[in-house]
Each structure stands twice: as C-alpha cells, then as structure tokens.
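K.L.:
The working numbering applies: residue 1 is where the sequence shown begins, and numbers increase by one.
It is worth saying that the hints were derived from the structure and are not from the lab. Each hint should be verified, as a subset may be incorrect.
Claimed, not checked - Below 30 Å or equal to it, Euclidean Cα-Cα: the simulated DSBU-like pairs (lysine-lysine) are:
(1) Lys104 to Lys83
(2) Lys83 to Lys59
(3) Lys104 to Lys77
(4) Lys59 to Lys3
(5) Lys102 to Lys77
(6) Lys59 to Lys77
(7) Lys59 to Lys104
(8) Lys83 to Lys102
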Amino acid sequence: MPKIPLIAIVIAVFAMGYFALVTDAASYGGNAPETCANCHVMDSQYENWYHGAHGGWAKCTDCHLPHDNLAVYYAEKGRQGAKDTFAFVTGNIPIAIRASDKTKSIVQANCVHCHEDSVENIVMAAQPFDRYCWDCHRDVAHTARGESGFPYQDSNLYPIK
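Please take these sequences and the hints and turn them into a complete structure.
P.N.:
Here it is, written out as structure tokens:
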C-alpha cells in the first residue's frame with residue numbers, strides 16, 4: 001500500500017478521534033437532558049422542561065424519540081442529531097424552534113403510551129382525533145409559554161386558549 005493514502009487514513013482517524021474526545025460525542029448517544037441543552041438555542045426548552053411537570057422524571061428522549069425498538073430509536077436519534085448538527089454548523093438555526101410533523105407524531109404516540117390508563121376513555125370515544133395532547137395541555141411538558149423569557153413565542157402558532 002502506498003504511504004500517502006495510509007498517512008491520510010491515519011490522520012483522518014486521529015482527527016475524528018480527537019473531535020469525538022473534545023466534543024464528548026459519546027454523550028450524544030445517551031439520554032441525559034443536559035446533553036440536549038448543550039446547544040444554547042435549546043436553553044428555553046430545557047428550562048421550561050426542567051420547571052415543568054415532567055422535569056422530575058421524564059427525559060427529552062422519553063418524549064421526543066420513538067420506543068418501538070432500539071433500531072428505530074437510534075435511527076431517529078441519528079436523524080434528529082444530523083439535522084441539528086447541520087443547522088448548527090451552517091448557522092441555519094431557526095429563531096423559534098418548532099417540532100416537525102414527524103416529531104409531533106412521535107411525541108403524540110409517547111403521550112398516549114405513557115398515559116394510556118388516563119386516556120383510554122378518550123381514545124376509545126367516538127370523536128375526531130384532530131388535535132395533539134399539547135393543544136389542551138400546552139404547559140405540562142415545558143411549563144407555560146414564555147416562562148423562561150423566550151422572546152419568540154409565536155401567538156399565531158400557539159394561541160392562548
């Protein structure tokens with residue numbers, strides 16, 4: 001094997017190892033809420049969760065990632081992490097962070113799963129299911145809007161009921 005490709009591979013492996021060490025990349029494979037708050041744009045979401053009803057026992061991953069199986073869990077974790085990393089690296093970070101439709105469906109499924117005893121009568125009732133749990137229970141997971149002083153709450157997206 002020629003020396004130049006071998007040297008390039010060694011340098012790339014060293015650089016990736018150093019990057020993983022410096023950024024504590026392994027922590028992103030876990031479920032500590034503090035890891036989710038590493039990016040400063042997540043400050044208000046973290047603060048609202050921390051002071052909210054779920055702050056004492058549920059973690060970000062409990063609500064925001066699917067729990068069908070480990071493969072689906074880590075595939076979605078990787079998808080969301082890649083999207084967040086791309087936004088951070090390119091500087092294309094939204095002023096107001098909003099859940100995607102896919103994330104909304106994951107969170108909704110997790111609400112129903114964790115609270116299935118409480119919502120059994122609701123989901124069995126003859127009514128349209130055209131709303132998310134947080135349409136009525138907006139302040140449960142992340143406390144009342146604006147409590148952290150986040151200045152970009154969009155009242156058009158989240159009208160006060």
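K.L.:
Holds or violated: Lys83 and Lys102, Cα atoms, limit 30 Å.
P.N.:
Holds. Lys83 to Lys102 sits at ~13 Å (cutoff 30 Å).
K.L.:
Would the hint linking Lys104 and Lys83 be met if the CA-CA limit is 30 Å?
P.N.:
holds (16 Å)
K.L.:
Are the Cα atoms of Lys102 and Lys77 separated by 30 Å or less?
P.N.:
Holds: Lys102 and Lys77 sit about 12 Å apart, inside 30 Å.
K.L.:
Given the hinted pair Lys83 and Lys59, is their alpha-carbon gap at most 30 Å?
P.N.:
holds (20 Å)
K.L.:
Is Lys104 within 30 Å of Lys77, Cα to Cα?
P.N.:
Distance ~14 Å between Lys104 and Lys77 Cα, so the pair holds.
K.L.:
Measure nothing beyond the straight line between the CA atoms of Lys59 and Lys77; if it is 30 Å or shorter, mark the hint as holding.
P.N.:
Holds. Lys59 to Lys77 sits at ~14 Å (cutoff 30 Å).
K.L.:
Does Lys59 pair with Lys104 here, judged by a C-alpha cut-off of 30 Å?
P.N.:
Holds - the C-alpha atoms of Lys104 and Lys59 are around 16 Å apart, at most 30 Å.
K.L.:
Next pair to validate is Lys59 with Lys3; report whether the Cα-Cα distance is within 30 Å.
P.N.:
Judged against 30 Å, a Cα distance of about 48 Å means the pair is violated.
Comparing the model with each earlier hint shows a violation of hint 4 alone; every other hint is respected.
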